[in-house]
Amino acid sequence: MLSLRLLVRNLRSAEVRILGLATLMAVALVSSIALFADRLERGMEAQSHAFIASDRVVRSNRQIPESWIAQAQGASLRTATTTVFSSMVFHGDSSHLASVKAVGEGYPLIGVLETSDQPFGDGEVREHRMGPAPGEVWVEGRLFPILQLNVGDHLEVGETQLRISQVLVSEPDRGQGFMNFGARVLMHAQDLPSTGVLQEGSRASFNLLLAGEEESIDTVLANLQPGLSVHERVIDVAKAQSRIARNLKTARNFLMLASVFGVLLAGIAIAMAAQRFCSRHVDQVALLKSLGVVSSRIRQLYLGQMLWLGAIAGGIGLALGFLLQMVIAESLSSLLTVNLPAPGLIPSLLGLMAGFLCLLFFALPPLWPLPKVAPIKVLRRETPVASTAGSIQLIVGFLSSFCLLWLYTGELAMSGAVMAAWAGVALVATGLAILFLRLLGRHAAQLGSQWRLAIASLKRRRAETHLQVVVFGTALMLLATLLLVRGSLLEEWRLQLPADAPNHFVVNLSPAELPEFEGLLAERALSHSGLYPLVRGRLTHINGEDAKARALAKAEAEAEAEQAAGERGPSEAPEAMTRELNLSWTSEVPEGNSITDGVWWAADSREVEVSVEQEFAKWRDIALGDELTFSIGGLSLKARVTSFRSLRWDSLRPNFFVLFSPGALDDYAPMYMTSLYAPADGGRFVADLVRRHPTALVIEMEKIFTQIRSVIDQVSGSVQLVFWLVFLASMLVLMASVHASMDARTQEVGLLRALGSSRRLLRHRLWIEFAALGALSGLVAALGAESLLWGLQRFVFDLTWQPHPWIWLSTPVFGAVVIGAFGAWSCRHLLSLPPATVLRQAA
Amino acid sequence: MIVAQNLHKTVQTLAGDLHILRGVNLKVAAGDSLAIVGASGSGKSTLLGILAGLDVPSEGRVLLDNRDLNGLDEEARAELRAETLSFVFQSFQLLPGLSALENVMLPLELQGHRDARERARESLAEVGLAEREDHYPPQLSGGEQQRVALARAFVNKPKILFADEPTGNLDAVTGSRIIDLLFNLNKKHQTTLVLVTHEQRLAERCNGCLVLEAGTEISVESMTASAHTEGASAAC
Ligand SMILES: Nc1ncnc2c1ncn2[C@@H]1O[C@H](COP(=O)(O)OP(=O)(O)O)[C@@H](O)[C@H]1O
Ligand SMILES: [Mg+2]
Chain A
1 MLSLRLLVRN LRSAEVRILG LATLMAVALV SSIALFADRL ERGMEAQSHA FIASDRVVRS
61 NRQIPESWIA QAQGASLRTA TTTVFSSMVF HGDSSHLASV KAVGEGYPLI GVLETSDQPF
121 GDGEVREHRM GPAPGEVWVE GRLFPILQLN VGDHLEVGET QLRISQVLVS EPDRGQGFMN
181 FGARVLMHAQ DLPSTGVLQE GSRASFNLLL AGEEESIDTV LANLQPGLSV HERVIDVAKA
241 QSRIARNLKT ARNFLMLASV FGVLLAGIAI AMAAQRFCSR HVDQVALLKS LGVVSSRIRQ
301 LYLGQMLWLG AIAGGIGLAL GFLLQMVIAE SLSSLLTVNL PAPGLIPSLL GLMAGFLCLL
361 FFALPPLWPL PKVAPIKVLR RETPVASTAG SIQLIVGFLS SFCLLWLYTG ELAMSGAVMA
421 AWAGVALVAT GLAILFLRLL GRHAAQLGSQ WRLAIASLKR RRAETHLQVV VFGTALMLLA
481 TLLLVRGSLL EEWRLQLPAD APNHFVVNLS PAELPEFEGL LAERALSHSG LYPLVRGRLT
541 HINGEDAKAR ALAKAEAEAE AEQAAGERGP SEAPEAMTRE LNLSWTSEVP EGNSITDGVW
601 WAADSREVEV SVEQEFAKWR DIALGDELTF SIGGLSLKAR VTSFRSLRWD SLRPNFFVLF
661 SPGALDDYAP MYMTSLYAPA DGGRFVADLV RRHPTALVIE MEKIFTQIRS VIDQVSGSVQ
721 LVFWLVFLAS MLVLMASVHA SMDARTQEVG LLRALGSSRR LLRHRLWIEF AALGALSGLV
781 AALGAESLLW GLQRFVFDLT WQPHPWIWLS TPVFGAVVIG AFGAWSCRHL LSLPPATVLR
841 QAA
Chain B
1 MIVAQNLHKT VQTLAGDLHI LRGVNLKVAA GDSLAIVGAS GSGKSTLLGI LAGLDVPSEG
61 RVLLDNRDLN GLDEEARAEL RAETLSFVFQ SFQLLPGLSA LENVMLPLEL QGHRDARERA
121 RESLAEVGLA EREDHYPPQL SGGEQQRVAL ARAFVNKPKI LFADEPTGNL DAVTGSRIID
181 LLFNLNKKHQ TTLVLVTHEQ RLAERCNGCL VLEAGTEISV ESMTASAHTE GASAAC
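From first to last, the protein sequence lines are chains A and B. First residue of the first sequence: 1, per full-length UniProt numbering; consecutive thereafter. First residue of the second sequence: 1, per full-length UniProt numbering; consecutive thereafter.
To give an idea of the interface, some chain B residues facing chain A are shown, with a C-beta separation under 7 angstroms as derived from the structure:
| hint | residue |
| --- | --- |
| 1 | S45 |
| 2 | D55 |
| 3 | E75 |
| 4 | R81 |
| 5 | A82 |
| 6 | F87 |
| 7 | Q93 |
| 8 | G97 |
| 9 | P107 |
| 10 | L110 |
| 11 | D164 |
What follows is a list of derived Cβ distance ranges for each label pair:
| hint | chain 1 | residue 1 | chain 2 | residue 2 | range |
| --- | --- | --- | --- | --- | --- |
| 12 | B | D134 | A | L435 | 51 to 57 angstroms |
| 13 | A | L394 | B | A15 | 29 to 35 angstroms |
| 14 | B | E75 | A | A251 | 52 to 58 angstroms |
| 15 | B | A172 | A | V8 | 36 to 42 angstroms |
| 16 | A | F254 | B | V11 | 55 to 61 angstroms |
| 17 | A | L360 | B | A29 | 49 to 55 angstroms |
| 18 | B | E79 | A | K249 | 53 to 59 angstroms |
| 19 | B | E79 | A | C403 | 38 to 44 angstroms |
| 20 | B | D68 | A | L345 | 55 to 61 angstroms |
| 21 | A | T383 | B | E75 | 18 to 24 angstroms |
| 22 | A | G717 | B | D134 | 47 to 53 angstroms |
In short, the hints are calculated from the structure, not lab data. Glycine is no exception: its CB is placed at the ideal position from the N, C-alpha and C atoms.
Make a model of the complete structure from these sequences and hints.
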């Protein structure tokens, strides 16, 4: 208890407050992310039993045969069918590409549907154990503003009109945990034929839901499975979940990485404040010893103070973390389709632990020698005090940082990479700082005495200056990069497109509709980028060898290398190997494609040839001359690889991984697709098009952009929150460092005041000093952000790099203003002290 | 109460060994007061530190309250200090972050006394600073700070008080007030006093006196003969 009292008294001094603030910050950063991630994970887990609205789902790309249903019902399983597809829905002149789900009797087998009377309203939520009645639809809330809907209105789905009777709040098998792009429209399976949307070859997933005794399910599935084609698969909860869990974990670790980085900055502030605390308490410890306190008791008293500090600051930090995670959850709420449970205990403890670990790792080394101060020091002030060597502190700090990163992200390689990258940034930043100071130093004389004094001050505290440039530089760099990615990446890509680049994709046109479609375009003087037939199929064999088994073998062989490089996990790859592909054929090399190897087929070729996209081929180990076997609608088709192509994905034209020679797919009931440019006309063209071709799907790029934009905004909003906290943590370092230099500054200011410097001049000088520091950090940040972005554009997004001149201006200015203001503010009391007092204090 | 026999202190410095004390002997009876005088650098503080068990002699021994300090390790000496000793320093040594009252409470709190606050108030009242208990050291004048230090020194009723140039940082008038206060309290609490000073005037108020000269042990017998050094040469 005595240590608590001592702590409360010590809180009057700035360094202890900085220790407390930094600890608080560390806890808030870690707990907010840990709490939110945990809520999300548990929320999804809680829904997992109803994750697929059943115990198992058999998913197919064709109508579920009656015989399967009969077989399941024969084994006294409960069954239901659902059909999910994308379709344009209309109300008045507005349209939306919705994700329609038609559900039969019995759906959902497990879990409940939730609806309400009002979109977004606080309307009462009702639970249902069955879907809408025939003739009715339940529509997701976000569709209401898009189409200006009201409950009771009629929604056009294909050729029929269905009455909106409820607002859909949640479905047990919405899946992913994150929203799909199209808003959900839930209808009854009976109404499906009247819409006329689904035709032979239309893209849809047909699901057979099964629930009942585990044994019976296994028996039924064991019977069904041999008959399943590559187009059909069985989904169970664990499988559906593991992928999502993996993605979630990556997202969590990324955010955790950012927040632990903030913790490290807080750690630096803690180390600096602890150093100051130590030097201030040397006299106090000597005095306590003269009062008869033994070393062990002193250790205990100070340890006690640190523990109390950790507990109190940690408690407040945790409360702040709670608030922050609420803000994050709120900002992502429209993206999330799960109900989040209350925050849990374990992540709270994890957060609290971060505070204690920070104190342990960063405050303990500087404080370690404190209890060993010799008591004679009360009489002889010159008695030297042992202190932990700077190099030891640096090494301990570096190792601790690495441990914290590893501990909280669980990613060894990533933690190592981050530390290495940071060390690199630190090196560059220090180099720049040295250069910059030397340059300024040379020219400071011309700039006047204020500048000379300010630069001298930066140079005198060289080590602190460098450290701060590194700290602010990295914090600002993170913020600047995020702002760039968020603000300009998408826009820059769009600017790189020609003005008349296609902005609509039209899919699902039947051959019979083509003349009318072309007529419509001609009427409006529009042209398309070529009509491509489209069938969906899977690659099943390569040279007669099972593609999946081959992929599995290859993945195993490369597992280690791939994992080290952080690429797609091997467990994911084989699944993707046989995923459904869009297949097409053409006689000419499509615009934007170029042959990288092999030869394009001759016009009179009789053989079935394919041209494969080069990356696609590389990933699957396909060579020229290989024989590929495709399964299309249950039939199999063999083709020889005669060329490889490269694609321009941003051409906004239909692009295909696999192209066949002309006529090869004629027997497989192709539907046609194209892309075209149509000027903005308030959606009338699209409305016209879909009225005349009700089965056609129109994808409007403008809407996709808007959606991507809003997702980016929401996600980056929460990332940004974390980054701002990281920046705040860097301000703590400034605070600690200014505080550490306070004695020397007091002396300087006193002297200058005595020599007749006015308060205004002194303030001016402080501003110059801190603004120069901020500007330099901003410069480092701009350099870092620009390089990061260059890497992203060049290697991740495959875009042409463009310089971002404004960032070179805005970050230094931002740094100069913020750090200048904050630095001058932290020194404000120096200026208001009467010169006599300043000199006396300094003495 | 205090007996020192043949104290030597040698320290190593960059310039070679420095022999600060060379065979100091002294004896102070309970309730008596001893002045240690000498020029700056003559080893007064070093001697005081050894007598109080803050430092150890290179040779010789000290008996404090009948206990041989040589037989005690630092922890045991600390315990002894807590029970029997108090200090007043030239530079006051108040904790700047604590109020006057909290500074005075500190020794009691460390010993776990429940009535720390009341006793500290009384002690502050004794030095005439009852009104200033909430003030912090930087808000007090030098003389006031030293009075707070006196209150702290007497608050746990020590048997022996060590004072190292208590007026060294004060002007003459304030200094003599502090000295008056010190001797009054000393009388009132029946404390044994060891006072380091370079002022003859002050030394005269003690009933024993020991002179150290220029780092060597040249020293002096006292008026009451309760303090004794080898090779005594002159009276104060
Ligand atoms: N631990 C030490 N290391 C080096 N020199 C010391 C040490 N202790 C004392 N001295 C030196 O011994 C001399 C006596 O010091 P001190 O006892 O403080 O003298 P006084 O208190 O009489 O002024 C001084 O010159 C001082 O510098
Ligand atoms: Mg001295």
